[in-house]
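Can you build the whole structure from these sequences, using the hints too?
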Amino acid sequence: MKNDLGRAAAGGLGLMSPPVGTVGDTMITSSPGNVVHTSFTHRLLPYDGADRFLDGALPFLADGLAAGDRVVAVCGTGQEMLLRDALGPADAGVEFQEPRDWYRHPARTLADCLSAADDATGRGSRLRVLGEPAWTSRTPPEVVEWQRIEAVLNVAFRDTGAALMCPYSTSLPAGIVAAARKTHPETVRGGQAVPNPGFVDPWSYCAQCDREPLPAPPPDADELRLDKADLYWLRAYVTEYARQTALPDEDLQRLLVAVTEVVTNAMRHGEPPIVLRMWTEPGTAPALVCEVADEGRWAPGTGYGLIPPRPGSTAFGSRFGLWAVRLLCAAVQIRTGEGGSTVRLRLALPGAAGAGPRTESEGFRALGFQNPPSGVR
Amino acid sequence: METPWFAERPVGEVRPGDHGWLAYSGSEERDQVIGTFVREGLRTTEKVVYVTDAPAHRLPGVGPRHGIDVDAYSRAGQLRVISRRDACLDRRGGFEPAMMLDTLGREVDKAFDEGFRAVRLTTDYSWLLKPPGPPDLARMLGCEHRVGDAVSPSTMAMAICQIDRHALRPDELAALRDTHEVLVEVNPEYDDGILKIVRTFEPDGLRLEGELDAARHSVFAEQLAQVSTDRRRVHLDLSRLGFIDLGGLHLMARHATGLPAGEPLVLDHLAPDVENVIEMVGWHRLPGLVRGGRRTSPDPEGIT
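Those sequence lines, one after another, are chains Y and Z. At position 48 of the first sequence the residue is numbered 48 (my numbering), and the sequence of numbers has no breaks. At position 45 of the second sequence the residue is numbered 45 (my numbering), and the sequence of numbers has no breaks.
Please keep in mind that the hints were generated in silico from the structure rather than gathered at the bench. Any given hint could turn out to be false.
As the list claims (entries may be wrong) - List of simulated lysine to aspartate or glutamate pairs, DMTMM-like, C-alpha gap at most 25 Å:
hint	chain 1	residue 1	chain 2	residue 2
1	Z	Lys130	Z	Glu209
2	Y	Lys228	Z	Asp191
3	Y	Lys228	Z	Asp192
4	Y	Lys228	Y	Asp159
5	Y	Lys228	Z	Asp31
6	Z	Lys130	Z	Asp90
7	Z	Lys196	Z	Glu275
8	Y	Lys228	Y	Asp210
9	Y	Lys228	Y	Glu240
10	Z	Lys196	Y	Asp159
11	Z	Lys110	Z	Asp86
12	Y	Lys182	Y	Asp210
13	Y	Lys228	Z	Glu222
14	Y	Lys182	Y	Asp227
15	Z	Lys196	Z	Glu209
16	Z	Lys130	Z	Asp192
17	Z	Lys110	Z	Glu96
18	Z	Lys196	Y	Asp230
What the hints assert, rightly or not - If you only want the chain Z side, here are some residues facing chain Y, beta carbon under 7 Å, derived:
hint	residue
19	Glu211
20	Asp213
21	Ala214
22	Asp245
23	His250
24	Leu251
25	Val281
Think of the CB as a built atom: it goes at the ideal place given N, C-alpha and C, for glycine as much as any other residue.
Structure, rendered in structure tokens:
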């Protein structure tokens, strides 16, 4: 019924997109006149104003409604208003989500979105998300992590059949748009999806992200060499250090679980000496940083815990732990190579200034408005 | 509810002066606790006095399987089994607390004269509380207060009063428990000062205390496998578990997937910190693990 409603509404508005015959996009006909895309798509929608935004976004959503997909639009107020206007009554079939809720944490967002895709598949449906990650007002390291997610999700969602479309305002910093061209297999132009020649293999992309060495720990970082230490004592040590910082109590347990996991890995797979360093970083994104370094080098193809384990699978794989560590920390940075391996865990300290989605006025400017249009909620 | 004032003690740590309480859920639990109490007494040349109508060789914890020669200990006077009639019943067969007190006093004095350094007393009171007669709780309470008064100052005597926890209503059970200073339980299956694993019986399972990490995964896995042998739902009481690592959670989930179809591994009384971590990882990613009961107040035996 939802299917009929969506198709009728979309058809009535003349929004049905022409069939998009593109690379890697299998189409099957499940019933007469009902075309279903079965393979995963991840498309970039560059836009420089409301028209180009709607040209790409509207057919994408309408196709989803017509096919009975679970259709989610993650966007700010301005975009939501535009889309609702254009969709008309069919807008009831679209779940509009706040970017600050959806794009809360890179690893968690990826995991939740993947779960949603699996749930949809389980119901014989498909997940379709229109979403623009909130790029501005994030610190440079946060931006790198969100870009990494854009790359890695190409691997993570491969078997889900989900359809993801990422609008990118051309007014964003050039580096962000350039990175998007590396992480999306296809680009939408005038309602047509075309292969993106700039697309880079996700793992190569991650390697590029990690080419820069991590900044050196501050000279006053607390340093502890771990020689066969019982991790019980390590946790007591970390607890004592954390208690002298502003780390909230509820985050302490997460830190302890994360440190225990990373040190356990280093003891199993790494080479001594294993060194633990802790320090705090002030600034716009104050953090408690906890680094575990050893002399070993990770085997290639370990995945770095970036791909969520699939729910329901009995074998989580050996990287379940590292993936979970990413959920527990604000950010995890890994470097491994000739000089040994370093895993740096960052936990946010209170006082972080405005880390999150861009402000509404920024969103309107991206759509080409100088000021918020009247009638906005 | 106030923090309970009684001491909780594994049976191996019961000491002279302890007036102990064991509300057992079934014969398995009773035999493990009382069997240990009897056996450890006999092996350490303490005197064991058991008030029961059962024959000596049927006592928990004795017999060839445990390497305890009942007859030899009985002959030597180290094991004394006294029938209820001789210990505490009046001429009409009614329970007489004063007689029980006399019996205990006499046996302790005798053990002292015989040169034993300590005497272990135990009896199962459940028969008093079960039909046909009405449970005479007031009489029992009075008796237990006096037993406590007699045992507590003693440097020789230690006692464990056994009660089938299903013989009384929960409030009655709690009232009777409160006349004891020491709650006795099984000896831990494992205790290295960091992690303690204790067998639980109702529900069946294990209680974990302290911290569980990779250094103790194998001992935990072993205990988990042992407790899961019968066809029964296994509960893990995690109320006193302060830390569990991701490998530990993974281990539990892996164990749960090996259980008979649809049978979960139940995690009871999770500490908020630990639950927070599980929620962050997602219960749905730990198939086979389910959140069980929550304990709102400290209740060491889960009676109330």
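Here's how the hints hold up against the structure:
no., hint, result
1, Z:Lys130 with Z:Glu209, "violated (35 Å)"
2, Y:Lys228 with Z:Asp191, "holds (21 Å)"
3, Y:Lys228 with Z:Asp192, "holds (17 Å)"
4, Y:Lys228 with Y:Asp159, "violated (42 Å)"
5, Y:Lys228 with Z:Asp31, "violated (41 Å)"
6, Z:Lys130 with Z:Asp90, "holds (19 Å)"
7, Z:Lys196 with Z:Glu275, "holds (19 Å)"
8, Y:Lys228 with Y:Asp210, "violated (30 Å)"
9, Y:Lys228 with Y:Glu240, "holds (20 Å)"
10, Z:Lys196 with Y:Asp159, "violated (44 Å)"
11, Z:Lys110 with Z:Asp86, "holds (16 Å)"
12, Y:Lys182 with Y:Asp210, "holds (15 Å)"
13, Y:Lys228 with Z:Glu222, "holds (24 Å)"
14, Y:Lys182 with Y:Asp227, "violated (43 Å)"
15, Z:Lys196 with Z:Glu209, "holds (5 Å)"
16, Z:Lys130 with Z:Asp192, "violated (41 Å)"
17, Z:Lys110 with Z:Glu96, "holds (21 Å)"
18, Z:Lys196 with Y:Asp230, "holds (16 Å)"
19, Glu211, "holds (6 Å)"
20, Asp213, "holds (5 Å)"
21, Ala214, "holds (5 Å)"
22, Asp245, "holds (5 Å)"
23, His250, "holds (6 Å)"
24, Leu251, "violated (11 Å)"
25, Val281, "holds (5 Å)"
Checked against the numbered hints listed earlier, the structure breaks hints 1, 4, 5, 8, 10, 14, 16 and 24; every other hint is satisfied.
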